[in-house]
Amino acid sequence: MNKPASEEVPLPEIKIFPERLLLADTTEVLLNKLYAVKNVRQINVQGEGLPTVMKAGPGTGGPVNHPERKMIKVKGEDLELTVLVGNIFVEIRDIDFVPQALKDIEEVCKEVLPFSFTLEVGRYSKFKRTVSDYQKGLVK
Amino acid sequence: MAKTKYKAQFYPGTTLPAKNRRRFLNPAVKLEKLRDVPMDDVVKILGHRTPGSDYATIHPPLDEGSEPKCPIRALVEPIEGAKKGDRIRYVQFTDSVYWAPIIPYVRAQMYMWRYRGIDTGTLSGRQIIEMRERDVEKVAKELIDNETFDTARTGIRGATVHGHAVRLDQNGLMFDAWQRFRWNAKKGEVEYVKDQVGVPLDKPVPVGKPMPEKWLKEHTTMFRADGVDMRDDEEVMRQNLRIHTLRTKCGFKPFDVKED
Amino acid sequence: MAKEKEKMFIAAMHKKFKEDPTEVRSQHYSYGGWRQSKRKREWVEQANKIAKDRGIPMMNQDVGVALGQRVLMPYQLSHTDIYGEADDLHWVNNAAMQQCWDDIRRTVIVGLDVAHNVIEKRLSKEVTPETINRYLEAVNHTMPGGAVVQEHMAELCPELVKDSYVKVFSGDDELIDEIDKCFVIDINKEFPADQAKQLKAAVGKKLWQVVRVPTMVGRVCDGGTISRHSAMQISMAFITAYRLAAGEAAIADFAFAAKHAAMVEMGTMMPARRARGPNEPGGIPFGVLADMVQSTRTKPDDPARASLEAVALGAVVLDQIYLGSYMSGGVGFTQYATAAYTDNILEDYTYWAVDHIKDKYGGFCKSKPSNELIEKLGSEINSYALEMYERYPAAMEAHFGGSQRATVAAAATGIGIAFATGNANAGVNGWYLSMYQHRERLGRLGFYGYDLQDNCGAANSFSYRSDEGLPHELRGPNYPIYAMNVGHLSGYTGIALAPHAARGDAYVCHPLVKIAFADKNLPFDFANITKEFGRGCLREFMPMGERTAVIPAK
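Chains as they are written, first to last, in our numbering: chain F, 1 to 140; chain A, 1 to 260; chain S, 1 to 554.
It should be emphasised that the hints constitute simulated quantities derived from the structure, not laboratory data. Careful: at least some of the hints might be erroneous.
To be verified - Heads up, simulated BS3-like pairs for lysine-lysine below, C-alpha to C-alpha not over 30 Å straight-line:
#, chain 1, residue 1, chain 2, residue 2
1, A, 186, F, 73
2, S, 162, A, 253
3, S, 531, A, 258
4, F, 33, A, 186
5, F, 70, F, 110
6, A, 187, A, 141
7, S, 162, S, 531
8, S, 376, A, 258
9, S, 366, A, 249
10, F, 70, A, 258
11, A, 141, F, 70
12, A, 203, F, 55
13, A, 186, A, 214
14, S, 520, S, 531
15, A, 217, F, 110
16, F, 70, A, 203
17, S, 358, A, 249
18, F, 110, A, 209
19, S, 376, A, 249
20, S, 554, F, 136
21, S, 360, S, 259
22, S, 181, S, 299
23, A, 249, S, 360
24, A, 30, A, 19
25, S, 259, S, 125
26, A, 187, F, 110
27, A, 249, S, 368
28, A, 33, A, 69
29, S, 358, S, 299
30, S, 368, A, 253
31, S, 259, S, 554
32, A, 209, F, 70
33, A, 33, A, 7
Could you build all of it, start to finish, from the sequences and the hints given here?
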């Protein structure tokens with residue numbers, strides 16, 4: 001029968017769910033402060049996609065030039081923000097570090113976000129390769 | 001058979017959303033005009049023709065008499081665009097779940113009550129009305145100007161409509177992947193920079209300030225758990241359940257249906 | 001609102017801030033394992049090592065970018081801890097989904113009693129357990145493409161057809177005891193005692209074969225080929241096992257029995273307008289598809305789980321493969337279907353309904369299926385579901401399409417009413433009640449087609465007259481107005497299973513199908529449907545009929 005692959009385990013993530021979708025500038029400030037929090041291993045964001053080109057209608061092929069799709073600097077690196085951020089997943093190195101990380105992240109969010117937000121602990125991102133990763137050539 | 005004088009009731013219910021739905025549906029109610037967007041700008045946003053240009057036609061004007069004789073057609077007074085032979089064009093709106101003033105099915109019902117010569121289609125993320133071109137322009141202006149339209153939470157979108165179920169952005173605007181409208185922070189108002197299918201406008205069209213949340217909640221047509229729950233409107237529930245009961249029973253034992 | 005249970009959601013810390021009570025509930029499975037201290041160190045080290053190696057796009061290690069961005073979150077396969085992307089859940093990309101349908105299509109159930117009668121009465125030969133065993137050995141050689149009797153035959157490569165075999169089952173314990181165990185699906189072993197009793201009573205002393213034609217045959221040919229391949233090889237096996245004269249007149253009886261008289265294929269013939277052969281997904285009644293779901297025997301005390309598994313099976317086979325491909329094609333349908341079996345959203349609503357029915361309605365099957373009951377309970381379940389979307393923006397965004405929300409709310413309502421009444425037609429009527437209230441409440445529903453299908457369906461929900469309706473379990477994807485719009489067939493399948501799971505029935509409408517899929521040798525595990533789809537996402541599922549043995553080696 002089918003044999004499962006060797007067990008892979010998830011690390012905890014703290015999910016930041018703000019009341020509003022974040023503009024690029026806010027995202028930039030927030031991410032940089034979050035990366036400075038102790039024991040943050042990586043951060044992933046989810047949001048509403050900002051296309052560069054229109055793929056439907058009479059304007060097909062035309063540029064979108066969405067004002068929020070812009071270059072931001074995170075951890076000293078330039079990167080293009082391609083989504084209007086709605087969820088931020090902060091991965092913490094160990095479950096033992098989560099209580100303190102929650103406190104620290106709460107402080108950061110209170111400082112940066114001018115509206116309410118919720119924090120939650122769970123696992124939201126993939127931690128095992130799937131078919132689409134192989135398809136995109138992202139698995140070595 | 002004696003003629004009955006039927007008086008339309010438009011919509012059941014005693015709660016706020018029900019009353020607001022009645023206002024929209026009842027053609028005798030004059031809806032409040034919240035803004036005055038110039039007609040030329042409306043035409044630009046619709047994107048079907050350049051303001052000032054002639055209307056494209058798909059058949060000769062009706063008064064040329066080239067239509068075959070038909071007593072049924074003769075019964076119906078054509079709308080202006082039909083008389084002139086305009087093509088059918090559309091305007092499509094997206095209403096946010098977060099307290100947009102009107103909602104897709106209420107749009108459809110309102111259009112049916114207030115307008116003639118329409119073809120309307122209702123989905124969850126968009127709601128479309130199609131009419132002869134000159135007529136749809138008039139209707140579009142009316143709707144954009146009046147209280148069915150909130151500049152932040154109602155969108156004019158012909159394609160790539162995603163956003164109705166998504167949180168508002170930091171500026172309080174409904175998400176639009178094509179950013180057809182934007183927040184003018186200096187003036188504190190919304191302006192359209194693209195037409196409904198994403199083609200850039202030559203210059204921005206201001207549509208005014210978004211309505212405050214308090215106003216939106218007072219004018220809402222939505223039943224929501226964090227507003228008025230539909231179960232708290234006994235008459236709306238009863239009428240809706242009546243539809244369910246009648247459709248169910250009439251489908252297999254219509255002889256059993258007894259109503260007062 | 002009634003008490004909110006966190007059982008579907010992670011039992012971890014969450015906090016609320018400022019005055020906004022927009023509490024967000026996690027939609028993810030509880031990882032109790034994190035708290036097991038003795039393994040914790042290992043896990044953290046292992047995770048760190050894997051993370052360095054894994055090259056998953058969110059890290060974007062190749063381009064050295066510090067931030068992973070995505071538009072769609074990975075989907076958690078409901079009641080599992082497996083995550084997959086939307087792409088992974090398109091059936092074309094998912095080997096488990098493909099094998100699921102392959103295993104259904106290539107299964108044909110063929111009776112042995114007609115054939116045995118021919119042997120005994122027409123040919124005056126004895127049929128005994130020994131001869132039956134000899135026959136089974138022979139047919140397990142012929143079915144995968146081994147030759148018998150004739151010389152100079154071209155045989156099939158075993159590697160390609162190793163998934164092909166024949167087993168038997170019967171309600172006759174004495175007879176089954178004498179058959180070689182390797183050829184038997186043992187009802188007593190696979191099913192809980194009370195279910196085994198029901199099944200054996202339904203099957204009686206008849207002896208049935210469960211034939212699995214090679215996956216490859218169904219792939220290249222079509223559904224209609226299955227019963228023919230099966231009948232051909234069954235006939236050859238009879239000839240060799242009973243030393244008959246190949247080609248004598250009596251052989252026609254075996255062929256006829258195997259092809260028609262004693263043959264049960266999974267999909268019935270569809271209406272001619274569908275222009276398809278038999279044994280395709282469109283011909284599978286909901287109750288028959290529901291009978292393939294095996295959680296009713298592995299988790300007999302959890303009717304909700306079984307119903308939710310049926311929803312998943314219906315979503316993939318009927319919505320994604322049948323409507324999404326056979327009847328349309330392309331890539332548009334996947335997310336209409338996945339909403340019903342991912343992220344534990346329907347799970348939450350369904351288990352809420354179960355608790356509610358136990359609290360307020362006396363438990364499963366205690367309510368008469370009256371209009372009043374449907375309206376009351378249906379309003380309660382539907383209102384709970386919609387309230388979750390209204391109060392929790394995260395849920396509203398997870399199901400960003402009105403069609404997804406409409407389907408999930410209606411499925412929970414229909415399944416709940418089916419649980420309370422033990423009646424599937426009442427359940428499907430509840431689906432429509434949900435749709436009416438949803439439309440009224442929020443002033444929106446689903447895509448354009450919901451305006452028709454979900455507004456007119458109540459009218460046929462109780463009709464049994466032949467051109468108006470059917471018992472719900474016997475309806476299928478081509479039932480009038482069900483073939484129109486994606487996003488419904490999943491819920492309809494769940495509603496077909498729900499009342500029977502609640503009643504403790506061993507099967508919904510086809511005991512033979514129920515038993516046929518209680519088979520450990522099937523490549524797809526019908527007792528763990530969402531988990532199998534998840535393993536397909538993870539590239540852990542090995543399908544059958546792979547052509548590696550006959551194509552150039554890399």
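Practice problem: Mind listing which of the numbered hints don't hold for this structure, in increasing order? | Solution: 2, 3, 10, 11, 21, 28, 31
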